[in-house]
Every structure is written in structure tokens, then in C-alpha cells.
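Student: With the hints as your guide, set chain B onto chain A.
Chains as they are written, first to last, in the numbering used here: chain A, 1 to 350; chain B, 1001 to 1565.
Please keep in mind that the hints were generated in silico from the structure rather than gathered at the bench. Check the hints yourself; a few may be wrong.
Below, computed lysine-lysine pairings styled on DSBU-like, alpha-carbon distance capped at 30 Å [said to hold, decoys possible]:
(1) B:1081 to A:306
(2) A:343 to B:1081
(3) A:99 to A:83
(4) B:1100 to B:1117
(5) B:1003 to A:28
(6) B:1081 to A:153
(7) B:1165 to B:1513
(8) B:1400 to B:1390
(9) A:299 to B:1120
(10) B:1207 to B:1221
(11) B:1398 to B:1218
(12) B:1012 to B:1027
(13) A:14 to A:199
(14) B:1012 to A:298
(15) B:1178 to A:153
(16) B:1134 to B:1207
(17) B:1043 to A:38
(18) B:1398 to A:308
(19) B:1247 to B:1400
(20) B:1487 to B:1290
(21) A:153 to B:1181
(22) A:343 to B:1012
(23) A:339 to B:1056
(24) B:1087 to A:343
(25) A:308 to A:339
(26) A:160 to B:1027
(27) A:345 to B:1120
(28) A:199 to A:11
(29) A:160 to B:1247
(30) B:1549 to B:1560
(31) A:160 to B:1056
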Amino acid sequence: MLSKNVLNLIKKAKLRGRGGADFPVDLKWQSVKNQAEKSGQSVAIVINCSEGEPGVFKDAHVLENYLPEFFLGLRHAVEFFSKEKVFGIYFFTSTDYAKEFLPKIEKELNKNENSALQKRWHNHLKSGHSYISGEESALLNVIEFSLAEPRLKPPYPSEKGLFGLPTLVNNLETFYNVGLVVSGKFKKERFYSITGAVKNPGVYPGLEDANIEDILKSTNNFPFTDFFVIVGGDMSGEVLNQKQLKRPVGGAGSIRVYPAKINPRQVVREWLDFYVAETCGHCTPCREGTFRLLELFKKDPDDFLKFKGEVRNLIDNLSVSSFCALGASLPTPLNSYAKNILKIKNSKNS
Amino acid sequence: MSKPINFKLNGKKVSCDPGETILDVAKKNGLQIPALCHHPDLKVKANCRVCVVEMKGREKLFASCSTPAESGMEIFTDSPKVRASRKENLKLLFAEHAEKCATCPRLFDCDLLRLAKEYKIVPNAFPLRKGRRKVETFGGGVLEFDHSQCIDCNNCVDACADLQKINFFEASGQGTEKIIKIVKKDSACISCGQCVLRCPVSAVQEKFSVTKLEKSLKNKKQIMIAQFAPSIRAAIGEEFGIPFDDKMPGRIASALKMLGFDYVFDVDLGADITTMTEAEELVARLQDKKAVMPMTTSCCPAWVRYAEHYHPEILAHLTSARSPHMHSGGLIKSWWAAEQKINPKRIQVVSVMPCTAKKFEIMRPEFRLKGGVMPVDEVITTREFAFMIKQARIDFAKLKPVAHDLCLNNGSGAGAIYGASSGVMEAALRSAKFLLDGVRSKKIAFQAVRGISGLKEAVVKIAGRNLRVAVVNGIGNIEPVIKNLKKYDYIEVMSCPGGCLGGGGQPIPTTEKERKSRMEALYSLDENLPMRSAHDNQAVVDYMNWARKNKRYQELLHTKFKKRA
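Next comes chain B alone, as it looks inside the complex:
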């Protein structure tokens, strides 16, 4: 162990490990130093200069994000000199950012607005500099880069290049001509939205669907159905400052009803359908010596985009099982609509998703159902959902939980863990094992694939077979796996670090801290559910049989992939 560093922070003695920055130490000691370009997932750039602090005996201020603490330092985080400089830099940044608050998902928790208030900044202290810059749409039309709002922090560039290894953006230009360029026009962005999660000012954001949705909700002729993904329940509390508990799904259902939805379904059920379809396919492939192996998951739409754009040669490895909300959307518009005697064309299904790529997924024509309807009509992110709750002045923390509607049945614990990296694989393994040996076992957790590392490899024993599995946690870790496909039998790929719980549509901030707590929430849900495996969900099995019997198996349960230029 190296010797701890002792120094003074605002007159108080503090100690830390060597290498820790002043910003980190301040945070640990309950001091929030405002910082815009800093994100713990990304390399330190220290360009916004908002986090500056004063060091005794030094004329210049120091960026606390890039300055390691040293013994004997005396640091002041809020001195008049610090406040003056911080205010000046905020003023300058503010004049770079065109305020388009009305359609900004971060209207209610905007760091810039909050800091402007705190530092008494008059709006337009300087004339707006970038007002005429354009908005570019990318990511298959579901993401937007508003250059008139960008404060030149480069977080999007780094998130895309360093974290996701996609390199879709490029910082270019000098001085005030600096601009983020979209390098490979649309085609190569996988719509994961990790850039959105790290943009401090929402210059990059998901295509805002709330306005359109509000109109639909007012249309009385339509049956409005909301379905929410497993990861929403683990993260939505962060938007309202309340910790996770098992009443979260009930609060979500309650809020969606208050917003005007006629029915609220839980995508956990759709996850069970995915699990069963995928487990069936895995078993079939394992039993067929000529089958294309290994099989990979395909419920992450950003991964599908990645494979289609960058590795069309491996598309046959992707399971053709649909993703959870596309399954449940199809279920709603087929079996459920028939049960309820509702014309599927009158139904609008809105998925609340932790994901930006899901906005693209619902437009894929491969998913079209009999009669021309699409399984899902609209996707809103967790952030957009929170925006709607806040805008409607709903006190989320005080909401009385209500049970969500039941389309078929509840989902199993295996559905709940879909939100965590390795969850899909674990769910499928639980059921593949059952399909192979017919034994309902009590020990069902596959601990070896859980956790936060970028690539998890294990050999798991199911029904007497040794399955070589890999879990890719973040698309930035995919390439070595694609190069060594033969090493594995089954691969899970989630484009966002942490899986869907760290998805591009989740609350801001999303850092390791949030990813961990959301993961714990999902696993605790699984452990406390009476039904923990998809194959125990008899209603799901029955529905799949119904689809088979009615010759709608392919139409409702499977999909296709194609090479994209």
C-alpha cells in the first residue's frame, strides 16, 4: 500500500490515495464541484474549466478534474476567485449553447440552467455564437446532433471512439471554428446513444418523441398501450431522487396510467418469450451438427446494427428470436387483440425503453405483422418518460403503486435480469437446460457470467454438455470475440456497458456507480420473484404453441437480418 495523501480541502483535513484527483476527493467528502466535460467513463480532457479550484500560494487556478491531490496542498473550491472564474466560463459556455429547452429531455434537470441560476448568470450575457449551426440527424434517424447547442467538450467523440470503438464523430477545426464532424454519414452509427448519455448539454439527444406521443394520447379513438422494459424500474427512481424498491414497477404503471395510457404491460413477459424462442433455437442448433455455431443473441438492436454494418458475414450466427418488446408488441396486436375483440389497427403500442436504438428497431420492416401493422408504434426513452412525468407535475415519489395490466401473465425473474449484461444468456441457459434435460432445478443462477467486466468468458455445464460462453459487455469489446468465434458455443452481446441498464436512453448521469446499483436492483427482483425461469411461465409456452398452431410462428416470433452498406 502506498502512503495516503493528506491535504486541506476548504480548511478541512482530508486524506486520499495517491493519484486521486481533487474533484474525486471533494466528491467523496460531500463537496460537489460543478464540472461539465468531466465524465468518469471517459479520459480527462479538462477543457470546460468549470471545475477550477484555488491552491494556496498559486496565482493560477487548477482544474480539479485533472489535478491529482498532493500532500500539503491547501485547496479552496468556492473562493471568490474560483467563483469569479467559474462564472465567467459558464457565461462563455452558455453563449455557445442555443437554448431549445422546450424539446429537450433534460429541461427539468439541466446542469447549465441550474448553474446559471446558482452563479446568477444573465441569459445572453454575450450574443449567441452558434445560433445558425445546423441540426444533423443520424443513427438511422433516431439521434440528433444540434451543433447550435454544442459546448465543444468532445465527450461524444470520446464515448464513441474510446468506449464503443465506433469512431463515428471527429473533432475538427480550430478555435471558434471547432465543430464535431460526423465521419461516416449515418451508415456506421449503431444508434446506441452512449454519446447522448455523456453530453453535458444535450446537444446530442434522441429524437424527441414526446410531442407526437402527447397528441396520440389525446386521440380517444385509439387504444393506447404502454409497455416498460426491465431496466426502467431499476433506473427511473434516480430521476426523482428515490432509491430502488420493489414498488417501482407499480409506480411506473401508475404514472403511465396518469399520463393517459389505457393499458400498461410489463416487457418482462416479452423477455420470457424471447428466452423461450432463443432457448429453443439454441437447443436446435446444439443438436444439429450442421448448424451455424456459435449462436449469438440479437435482442440488442445496436448490436444488430453493428453486425449488419460491420460484419454481415456473421449474420447467420444471430438468433432469429425477436427482442422482448417486439415479442410482446406482437402478442398484444395478435392474440390479445383477438381476445379483446379489438382491431389491431386501433392499438398504439408505446415502449418505454432504456435504449435509443429501439427507436430504430421498431421501424424495421421485417417485423411487420399480418394486416400490415407494426408490433410497436413508438419508443420513448427513460429520460423522455421522466420528462413526461415531470411535465405533468406528477409527484412520482408519492405515487400509489398500482398493478400493471396482465396481457398473458407476469414475467419471470429471468425476464427481470434481461436488463443486466449476461441476463439474456443466463435466462436462455436456465431454459435451454430444461429443454435438454427436462429437469426443473433449484440452482439456477449462473454466477460465472455476471459482473461488470467488458468481456466475460466461462464454460458452463448444462444437461451434461460443456458450453463455452462469452458475454460481451459493451460493443467496444466485440472485435476480439468476432475474430475468435470458433472458441465459443453461445455469445451474448450488449452494446452498452452494463447492458440495457446502462443503455443510451437511461437517466443522466450513467456512470459505474449507477450501473452497479441498477444491476443490484434487477438481481434482487429476480431473487424475490416466485417464478424465475421462462419455461415455468406456462402462458408463454401456450402462446408460442398458439402461434405455431395458427401458422404465425415465423411472423410473430422470428426476424431476419440483412447486410447494410
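Chain A with its partners taken away, still in its complex shape:
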């Protein structure tokens, strides 16, 4: 049985999207519905299971263990838009995940033959590892067979998304959470992906607002030796030292632990490589800026680690003038690392 007042339940649960932006789920659903009512169009539903950050793997965990709950949430979304009609359900994921989980998903879908879910389901695989195609509007472009580049907003996907339709893009875990909410099992918890120099890497449930220290301790991952962490969205997250662990994890719920004695060159190089490989190339500050940052790093890593001069200019320019959040996110780890770990004076806040 499907619950009729799903929106109220979500609202009461204060459920927020699990993709990293923390947007209230009820508001998103409502705005898609409003737009569809206004325009008389049907609705597209996109399940974002892109999971492009190496240190975030909670969606895989849901697929592995909680498919029925996920489908329960999704069925409620389809039901919620039944009046406006659902044009299609688009499951967007990586080829790796598809290989591993699609047989299971299809099995689950085929349980209800000829259901709205089964009839309208489409699989869409992103090529390679592409991080940017997890960005909701870039993802729409990929589904439309266009380049994996973000779109101008407004219009937002909820207004004019896939094929011009009002589109609901939610993270896979969000649908899972909706499934829990409607069956009364939601305990204000989310999944945390823990990785790096820890004893028990993996995905763990924990309270939504749990702080970093509690999560590390409760999962038996708190290191004995000095360390620092990057939290939220892995490579796009914030770097914090051991005195800053009372903060909530936030973002997409990732914690990566670095040993304190790790060579700064290795840390920074890893981030730069990631961004140079992942920038879509749409805008100047990100396409060229990340490339030039890596170039400067290769030329003189020690000078780079002073975060001064041209390096500073390029980082600041990424913050203020990037087209989308990907470009604007590289400054977060760099600036917070400089400030909280390297203790460089006059470093910017991330």
C-alpha cells in the first residue's frame, strides 16, 4: 500500500537531499509538481546514482542491501506525480555499478510486470568516471546524448529539465530515505562513507547531524596516531584538523582520514589530478585554471604550497567565477588544508 500523504511525511521528517546540497526534499517535489501543473507537462524522474567522488560509495551500499526500500520510495514519487503523469524514470549510474547491480535491479523491476515503474524505467550509463555528470544539469545533458557539461540555471531542472520537462532529480539514497519515511522506519539517519587511513573503511549509518568524532569512534575508526580529515564530498570537502572534529559531516557524508605525517605534496597532487581529470571544460576558470594549477605545482611544488601569487589568484578565481559548483569546490580542500593543517597565515576561509 502506498501512503497518500507522502509529502507531509517527508516534510515532517525534515528530509534533505543526500546528494550533498542538503536541499529539502519536500520543497523539490512540490516545485516539480507545481511546474507540471502550471505547464500541463508530464514529469521526468531521475535517480542520480552517479557517485563520482572516489570516497563516496553509499549509493552502492544501498543498491547492495536496501533495494526494496529504495523502490518503495521511488514508487511513492511515481504515485505523487500520477496526476501529472510520469514521462519516464531515468536511472543514471556508472558502468561499474551497472555491471554489479543492474541484474538485481531488473529482477526487482520484473516482480511487478507492467507496473508504471517497469514500463517507464530507463538505464543511463555515464561514460568512465566522469565526476561532472553527477551534477544534476550535466547529467540531464548526458541522458539527452549531449556533452557532460552543466546547464545555465535558471531554469532549474524542476522547471525545465530533461527534454524540457519538469524534472525531479534526487540522489539514490534520498529515494531510499523516502522509503524509510513512508514505512515509519526513518530514524533521522543517513549513510556515511569512511575511507583512508582507518581500520574499518566502509559505509555506516549514523544520525544526520552526527559529528565527525562520534562517527569515527562509533565505527571503530578513530585513529591512534595524529591525523586530519577531509569531510563532506571527499575531494570537494573541507579539510579539518583533530581539534575541529565536533562538526557535523554534512555534504554527501564522506570522511577520509589522512595520517598527519603524510607528505603535503602527495595530498595536494591527488586533488589537482582529480580536478584536472574531471573538469568538463565548459568554463575558463575551471578548464584552464585547474590545468595551470597542476602545471605550477609540477614546476615547483614547494612554492605552490605557499599558496601565494599566481597560485592564490587561480584558486580565488575558481571560487568566484566558475560556472558550476565543481570548479568552485577545488578551493575548498586547498584553502582549508592551507589554513587548518599547513597553518599558513592569511589563508582564505574555504
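Tutor: Just chain B now, kept in the frame of chain A:
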């Protein structure tokens, strides 16, 4: 009416309509925000990030091209933060663009160079990233894509796909591996050059003919003849910041003489020959029940390429009348050369054209004249012409106008309006009407086909007949017309929006604003000319009779088309 938006721009209160972007509003208020990837004819992409502005209370900057103004905003277009970011992005873009200024038609008005100076950018702040990328030739050998100069703005892709609906380019690759791919190797580009008009850094440009031409001009054994198209006079002033006036043709003639040409002719005359040849053909087709109808124009070489590549089945509809400069080129090398007792082989005809496809047209073997000479030897665009004037340090604004040389006679007003979309049709209708009813009427303007919309349809009454006509203003509007050919009797097709006045060889920028002012210039010329119809140009009629009598009618006045793979 919706409520106006009120906001502050650099501390000054301004208001605008809802939906207007900050960039637009700034422009209206006399503030030039630099922008490279922005072109009003194309969709907003906001990728160069040069037009960023600061909004009070917001940490991030906003691209002014993509941000609609909202009430209560406080925008700063030139704050230290804006300047710092703009400078950084310019520096990054500059390092993508290999400077090959010596052979760049935009050397004298390069936005990148100007901004580099303004923002005190040291050249090579970063090592050049794309130096090794190749130059690709396309469009039948008359256009070049220099990948070492491209700044990844994608304007060429959008101009070709969205405006012209040709889809010759494809953006491909990710990050720094991004590159514009030529999708259908050469065969399908129609050489219209609309991509060139919208490339902010001349990575796509016409094949630069100036160097070769300069050599020819120094060769004293040759008779160098320049002929300039109707549209040049309407646009050349923009290159020098002077508004259009009726002295423009005189200044052009003067500049061409100073550049070393022995004679300067006006293509308006050639346009009259086209009009008469085409009007004759139209009348003949109208009077022959078995004739292939409708007839379409064929003086736009990009349209001819389009038809030959994409719709060879309709080639019989194209008028076989030659295009204006091919007519006048032939006239120069036949009748005029004989009059002057000059061996046509000694003559070099150089056409100054608003067009890149004309560079292809002159190579077509169908145009070859008796004795093996081609009617036209070289084509330079309006931009290349302006480049030569600037390079020779000629003060165009102060030039004393001189009369151009007369090959046969002046051209009529009907020749002048050839540059505007619908001009060719109007000219032909004026004369077809005369050929049918023999009446020289005073009311000759066909207002119904004028204007800037993409497809214009009308029923015009000439000599008791109702002619169903269509004017295709921009090749992007052609397909529905080809699908419904039977709906019409006569169709004009111009590949470039606005017609030749918006041609791919015209000054940059070419936007709706420039297209409108150039159009007004051409119509004002027509209205003020004593002779406004081609059939009134007795010299043209005489020349055509001469060609007929000497059995050179086909060779000099007509051409052929063929299917191209």
C-alpha cells in the same frame, strides 16, 4: 505590461524590463562590459567568464550575460574583485590562443589584444597550451579552423547548428582535451562564414588572401581591377567608426585606388545584369507551361553549395543567371577588354565581397570564359579590405571620395538593394513586370517581401498575374520551403541572415543592430538613385544583346549546377 525592474548599476539607479540581463542593461546605459563568448544571435553559454560582475552581498561573481537583472540588486561592473577575476580569465584565455596576428584579418581590432592591454596582461603569462594544434581547411578550401587559436567558446558550433542548421561542427572532448571537430569532412560546409562572424578570436577565419593580393598589386604587368559589392558600402564605415552616408562608394573607390588598383568598378552594374538575365528566365518559365517551377535565385554561392550537397533533386529550379560579380567580371574580360584593346589574360579582377563563399564560387570551372580565363581572379572580404586600408595607414574617414570607373554605366537602385534579403527578388520583380507588360511604373517597391524575418511569404501582383513568392532570409529557414516547393512561383534564398549585408565576410560584430542599419543604408541608396530598375539601364540591355549577337550568351551570362557528394 509587466512591472519594470529597478536596480543599481555602479551606484546609479537604472531600470529595465524583466528578463533583461545585466550585460544588456549595462550596454543600454553606456557601459561596455567585456564579453567574448557572448553573441546576441546565439544562445547564452556563459563559458568565458570575462563578463563577470559583482553583486552586493554575494561572495561569488555573476556572469552578466546570463544573469537577469532583479529589483534591488546592486551591481558593480568594475570593482577590484571583478577586475582581478576578469584579468585572470583573460590571462587563461590568452594562453589558449596562439598569436598569429600577422595574417589575422582582425589584427587591427582584436578584442583579445585590446583587453590584454587594458588589463595589463603580460603575453605568455602561462606557456601556450595549444601551440601544436593544427589548422584545418574546410568549406571548399576557403575557410580555416586554427585549433591553436580556439578559446573553447563554442560560438562556431552554435552559429552553424542553431542559426544555419548545418551542424558542421561538433564540440567534443573533456577538459583541456576539448576540441571542435569537423563532423562531415568538407563536403557539407556551405562556406557561408557565419561561424567566422561569431568567433571572438578569429580561430575560424576566411582564407587570408591579402598577402597574395599585395604581390599582385606590385606586378606592373597586370591590369588590376577591383569591383565592390553593394553591401560593402553599407558596412565598411563600421570598421572606421563612421556612419553611412552617400559618399561611401566614393571613399571605397578612393581607398582601392590608393591601394594600387588601376580601375575600380561597382558591382551594382553586375547586379543589373543578373536581374535582367534572371527576369528574362522567370518570364520565360512563367510563359512555358512545361517549365520547372518555382524558380529560385542562385546568386548566393552558399545557397548553391547547399542545394548541390543536400538537395541535388531541386537544382533545375535554380536560375542559371550568374551572380553579379561573375557577370561584371565576365563583362570586364570580354566586352570591356575588347573596347580597351587589352588582352584579358593581363587583367586581374578582384572582387571585394561581404562573403566567404564567393571565394569558392570564383573557382567553379563552369564560369570559365573563352580563352580559358576566369571572370574573377580573387575575392577579398570586407574585413580583408578594411585590413588593407588600415595596414596602408589610410585615413578612411578623411578620404576624398572619387567617382568609380565606369565599365558600361552606373548600376540602378535595384542593384543597390541586392545586399538586403529580398533585394534580388524585388529587383527581378521590377524588371519581370516590365518584360511582361512593357509599362515603366513609378510604384516599384515591393514592401511585402522586405524586413528581417527568417521567412517572408507574399502574393505579389505583376502584369495581371498573382505570383506566390517566398524569401528565405538565412539558410536555417530553408527546409520547410523545400518541402513545400509547390506552394510558390518564385523563391529568393540568401544563406546569411539579413542577406549579403549580414554576410560571412562582413565586419565583426554583425548583429541585428548592424544588419538593420546596413539594410536602411541600402534602401536609402535605392530611393535616391535616378535609375531604380535594371531594365532602365540601357547599357545592360545593350551588353546582353551584344553577348547574344556574338554567340556568347551562355558563356557570359549563364551557369550550371551539379550534384556534389
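Student: With a cut-off of 30 Å on the C-alpha distance, tell me whether residue 1012 of chain B and residue 1027 of chain B pass.
Tutor: holds, 14 Å
Student: For a C-alpha distance cap of 30 Å, please report whether residue 160 of chain A and residue 1247 of chain B respect it.
Tutor: Violated, because 52 Å separates the two Cα atoms, which is more than 30 Å.
Student: Just to be careful, I want the Cα atoms of residue 339 of chain A and residue 1056 of chain B compared with a cutoff of 30 Å; is the pair within it?
Tutor: holds, 26 Å
Student: Next pair to validate is residue 99 of chain A with residue 83 of chain A; report whether the Cα-Cα distance is within 30 Å.
Tutor: violated, 34 Å
Student: Going straight from one Cα to the other, do residue 1087 of chain B and residue 343 of chain A come out at no more than 30 Å?
Tutor: Distance ~29 Å between residue 1087 of chain B and residue 343 of chain A Cα, so the pair holds.
Student: For the pair supplied as a hint, residue 1207 of chain B and residue 1221 of chain B, confirm whether the alpha-carbon distance does not exceed 30 Å.
Tutor: holds, 26 Å
Student: Between the alpha carbons of residue 14 of chain A and residue 199 of chain A, is the straight-line distance 30 Å or under?
Tutor: violated, 33 Å
Student: Holds or violated: are the alpha carbons of residue 1400 of chain B and residue 1390 of chain B at most 30 Å from each other?
Tutor: With a Cα-Cα distance of about 16 Å, the restraint between residue 1400 of chain B and residue 1390 of chain B holds, given a limit of 30 Å.
Student: Holds or violated: are the alpha carbons of residue 1487 of chain B and residue 1290 of chain B at most 30 Å from each other?
Tutor: holds, 17 Å
Student: Checking one constraint from the list: CA of residue 160 of chain A to CA of residue 1027 of chain B, max 30 Å. Satisfied?
Tutor: At roughly 29 Å apart (the allowed maximum being 30 Å), residue 1027 of chain B and residue 160 of chain A satisfy the hint.
Student: Would you mind confirming whether the straight-line C-alpha gap from residue 1081 of chain B to residue 306 of chain A stays at or under 30 Å?
Tutor: At roughly 22 Å apart (the allowed maximum being 30 Å), residue 306 of chain A and residue 1081 of chain B satisfy the hint.
Student: Mind checking the alpha carbons of residue 308 of chain A and residue 339 of chain A for me, to see if they're no more than 30 Å apart?
Tutor: Answer holds: residue 308 of chain A to residue 339 of chain A is near 13 Å, not above 30 Å.
When held up to the earlier numbered hints, the structure conflicts with 3, 13, 14, 18, 22, 28, 29 and fits the remainder.
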